[in-house]
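J.: Here's the letter readout for the chains.
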Amino acid sequence: GQQLNQSPQSMFIQEGEDVSMNCTSSSIFNTWLWYKQDPGEGPVLLIALYKAGELTSNGRLTAQFGTTRKDSFLNISASIPSDVGIYFCAGQRSDDMRFGAGTRLTVKP
Amino acid sequence: GAVVSQHPSRVICKSGTSVKIECRSLDFQATTMFWYRQFPKQSLMLMATSNEGSKATYEQGVEKDKFLINHASLTLSTLTVTSAHPEDSSFYICSARDRARLNSPLHFGNGTRLTVT
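Chains A and B, in that order, give the protein sequences. According to this note's numbering, the first sequence is numbered sequentially starting from 1. According to this note's numbering, the second sequence is numbered sequentially starting from 1.
These are computed hints drawn from the structure, not numbers from a lab. Be a bit skeptical, because a hint or two may be false.
What the hints assert, rightly or not - Listed below are the simulated DSBU-like cross-link pairs for lysine-lysine, each with C-alpha atoms no more than 35 angstroms apart in a straight line:
hint, chain 1, residue 1, chain 2, residue 2
1, A, K108, B, K66
2, A, K51, A, K70
3, A, K70, B, K14
4, A, K70, B, K55
5, B, K41, B, K66
6, B, K20, A, K51
7, B, K41, B, K14
8, B, K64, B, K14
9, B, K66, B, K20
10, B, K55, B, K41
11, B, K64, B, K20
12, B, K20, B, K55
13, A, K70, B, K64
14, B, K66, B, K55
15, A, K51, B, K14
16, A, K70, A, K108
17, B, K64, B, K41
18, B, K20, B, K41
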């Protein structure tokens, strides 16, 4: 199915740096979700956003549901080595869910 | 939080045999579960939607006779890869949503690494 446009594809950062990634779509979604996937495991839900304009934090993670309902971003502050992994955005409406291609994050100690 | 259990986590089988993968929602009921396939360094590709008590809905290009899905209860869906071939080797992941919570997010199993020799 149609995927969301997620960028960047990959990031190589130094420990302690902040990270920002985003997702855009040509379609409107009712819910935006951000997941993290570690190698060999399934994605784990980080943040769920349910209202346009909503800004939600989970520890060092902050995500926003765009006001047009067609985009979302995820910020990670003060990155640490265990932040390494692939981050996926997902847009959801009813039972239809679309995923971004993922952002592969590498954190250098 | 919602937990989805997937079993087995790894399986190696010979060409021509069939493999069954189970997906269970442990603390919620799911009318619908989803099955994905993931190739290395790629995103999740939806294969099919598993519907409790009715036939699964397959995405275009996914052979329903090859990937048999059964959703016999509100907490269990199974994916059977029939007559497996090496090209079926992949990472398979299921997900489910709590039917009692409106707009609840999908929760994923830990995936099954299938290797066909």
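J.: If a hint holds in the structure, say so; if it doesn't, say that too.
T.: Results for each hint:
no., hint, verdict
1, A/K108 to B/K66, "violated, 43 angstroms"
2, A/K51 to A/K70, "holds, 12 angstroms"
3, A/K70 to B/K14, "violated, 45 angstroms"
4, A/K70 to B/K55, "holds, 32 angstroms"
5, B/K41 to B/K66, "holds, 24 angstroms"
6, B/K20 to A/K51, "violated, 39 angstroms"
7, B/K41 to B/K14, "holds, 25 angstroms"
8, B/K64 to B/K14, "holds, 21 angstroms"
9, B/K66 to B/K20, "holds, 12 angstroms"
10, B/K55 to B/K41, "holds, 31 angstroms"
11, B/K64 to B/K20, "holds, 14 angstroms"
12, B/K20 to B/K55, "holds, 17 angstroms"
13, A/K70 to B/K64, "holds, 33 angstroms"
14, B/K66 to B/K55, "holds, 15 angstroms"
15, A/K51 to B/K14, "violated, 48 angstroms"
16, A/K70 to A/K108, "holds, 32 angstroms"
17, B/K64 to B/K41, "holds, 25 angstroms"
18, B/K20 to B/K41, "holds, 24 angstroms"
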